[in-house]
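Just so you know, the protein sequences line up as chains A and B, in that order. Each residue of the first sequence is one higher than the one before, starting from 14 at the first, in our numbering. Each residue of the second sequence is one higher than the one before, starting from 275 at the first, in our numbering.
One thing to keep in mind: the hints can contain errors.
[What the hints assert, rightly or not] Quick list of the computed label-pair ranges, beta carbon to beta carbon:
id, chain 1, residue 1, chain 2, residue 2, range
1, B, Ser349, A, Arg55, 25 to 31 Å
2, B, Thr279, A, His328, 56 to 62 Å
3, B, Ser349, A, Thr149, 46 to 52 Å
4, A, Phe155, B, Lys346, 25 to 31 Å
5, A, Ala395, B, Ser307, 53 to 59 Å
6, A, Asn298, B, Glu306, 54 to 60 Å
7, B, His317, A, Arg55, 23 to 29 Å
8, A, Arg62, B, Lys346, 23 to 29 Å
9, B, Glu306, A, Arg233, 44 to 50 Å
10, A, Lys476, B, Lys343, 26 to 32 Å
11, A, Ala395, B, Lys346, 27 to 33 Å
12, B, Asp338, A, Asp237, 32 to 38 Å
[Stated by the list, open to error] Here are some chain A residues the structure puts well away from chain B; computed CB gaps all over 12 Å:
id, residue
13, Asp44
14, Lys67
15, Lys168
16, Glu345
17, Glu374
18, Asp384
Everything labelled a hint here was simulated from the structure, so no lab data went into it. For each residue, glycine too, the CB sits at the ideal point set by N, CA and C.
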Amino acid sequence: MAANPISEVVKIKRKIYIELARQVLEGTIEDKIQSIPYKIVRKKDERYRCCIHKERAIVKERIKLALGFDPQLHKQEAPADLLTKRGEEDCCANTVNVIELACDSCPIDKYTVTDSCRNCVAHKCVNVCPVDAIITIQNKAFIDQKKCIECGRCKKACPYGAINENIRPCVRACSVDALSSNSERKAFINYNKCIDCGSCIQACPFGAISDSTELVKICRALKDKDDKLTALLAPSFVGQFGAKVEPATIKSALKEIGFDKVIEVGLGADLTAVEEKKELSEKLNKEEFLLSSCCPSFKKLVINEYKELIKNISHTFSPMVKTAQRVKKESENKTVFIGPCIAKKAEACLYTSVNHVLTFEELLCIMVAADLNLAAYCDQEAVQDATKYGRQFAYSGGLSEVMQELTEAKLETVNGNGLEQCIEVLDKVLEGESEFDFMEGMACHGGCAGGPSVINKPQVTKKLVQLFAEEANLKKAEYNEFTA
Amino acid sequence: MDEITIEVCVGTPCYLMGARELLDDMQKLESESEGKIKVKTSHCIDDRCEKAPVVRVNGEVYQDITPDKLRKIVSAKL
């Protein structure tokens, strides 16, 4: 997936997050929450929906999600009602959520005839249809949707390009067929198939699918200071916070908004690399191969769709979990993973060591709410927890490079760069047409640098991460004092 | 013809609302303009953070701007 294009949908989501974060930090949320829909959707603004009331109602649904509640389970309650239910949030219910009110119930007929149809003499569409689903009505071809088997031959045959192929953007975006529609034609997610990759969220032009968020919960923790928080910065954090905002600036700024400690997840990546290397050696001794486990979407893909290969998934904890465990060994602090990833929100629910997950987007919203302008922020505190190799985990191919670096013999490695490639490689493995020692599977194109919540372009992030990796004091993962 | 100076705010509120895309696009325009367009960055323009992203073209401030809208404004001045 490419970096988020800043569409209106994205802007609205961010504006709501900023407003919510500001009210929590200023301690006014109890009094002012009902004003947010009016502030976000003003009378004079452009309209996208049927009316201003619907737009505001959708904002309310988004607020419910940001408060930690599934809007589908709390249709009757207003955001203010949910504020009183602190501690009862639907944490870990679903990571990817449909906001039914926002779903436009796009057409589900795959092939339809448009006005470009000339009712020509050759009528190739009628001839080519294997199920006789096309007839002529009122001087125009018509597809009987009850008969249509969606083969697409009519579309290919029409010399006028008059047959339109319509696939819902969410359905098209989903690589694992988790999306369909319910009886009201609203988007419906099959959670037994969903791997939390976030593709549908980015694809829907109505913003009708959104990820769960702990934004409000974390803002409360930052304000109340009941628990000390440690921020775990994912390796792809470099360059996500502004054109020239350096890692050391980000660390200082995180402390300014209330985090007690800041640690690089690159450190956990070093630990993961060293342990995963041991696992790989054992596999190779048995003439087996190993699949990486640090991308939760890839791991879920294998578990759901490639059951025969489950035995090949690495058992090593992901860099997020490794880092969180390290933090827990040394302190009582609550851990907040900050990354580009939606799937990490689901992964975190499986481990007690990871308390919360924020995306870069959500963190930036909190910074804006705290009136912290990183472009003009001068304080710095050096970031130096990880080695060159741990830092490299941020982009596609980085993990494979580390595995090669740690192994003396030449490794056969394959990189699944994006879900489509991952699926292609895994299919070939099952067909016996692909052999390798180690596969690095990343659901996002470009690796984590191309995650659904990145702000910077993946290519730019990769370059910045590489520069940052070269700056690391320690060059070998094995030399990180913690891996010993 | 006069030179056009474009200041793109890269403060955090603007950055979050698409300043990076504006800057990328304007820098591209700058490199094609044979010196007619100058692109600078700013940390904050006019405190209009609520209406981010904000740019200043030859002293005039534009808010809630997109790369497409900004291109039209700039080409009208060329």
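Outcome of the hint check:
The hint said 25 to 31 Å for the Cβ distance between B/Ser349 and A/Arg55, and at roughly 30 Å that hint holds. With their beta carbons about 58 Å apart, B/Thr279 and A/His328 fall inside the hinted range of 56 to 62 Å. The beta-carbon spacing between B/Ser349 and A/Thr149, approximately 48 Å, falls within the hinted interval of 46 to 52 Å. Taken as a hint, the range 25 to 31 Å is violated for the pair A/Phe155 and B/Lys346, whose Cβ atoms sit roughly 42 Å apart.
The hint said 53 to 59 Å for the Cβ distance between A/Ala395 and B/Ser307, and at roughly 40 Å that hint is violated. Checked against the hint of 54 to 60 Å, the C-beta distance between A/Asn298 and B/Glu306 comes to roughly 58 Å, which is consistent with it. A C-beta distance of roughly 27 Å is found between B/His317 and A/Arg55, which places it inside the suggested range of 23 to 29 Å. Between A/Arg62 and B/Lys346 the beta carbons are some 26 Å apart, a value that agrees with the proposed interval 23 to 29 Å.
Distance hint check for B/Glu306 and A/Arg233: the Cβ-Cβ separation is about 49 Å, which falls inside the suggested range of 44 to 50 Å. For A/Lys476 and B/Lys343, the hinted distance range of 26 to 32 Å is satisfied, since their beta carbons lie about 29 Å from each other. At roughly 44 Å, the beta carbons of A/Ala395 and B/Lys346 sit outside the given window of 27 to 33 Å. For B/Asp338 and A/Asp237, the hinted distance range of 32 to 38 Å is satisfied, since their beta carbons lie about 34 Å from each other.
Every CB of chain B lies more than 12 Å from the CB of A/Asp44, the least distance being 20 Å, so the non-interface label holds. Distance check on A/Lys67: its Cβ is at least 22 Å (rounded) from any Cβ of chain B, clearing the 12 Å threshold; non-interface status holds. With a closest Cβ-Cβ approach of about 31 Å to chain B, A/Lys168 is found to remain outside the 12 Å limit, as its non-interface label requires. Remark: the non-interface label on A/Glu345 is consistent with the geometry, its nearest Cβ contact in chain B lying 31 Å away (cut-off 12 Å).
Not every C-beta of chain B lies more than 12 Å from that of A/Glu374, the closest at about 8 Å, which undercuts listing it as non-interface. The Cβ of A/Asp384 sits about 9 Å from the closest Cβ of chain B, inside the 12 Å cut-off, so the non-interface label is violated.
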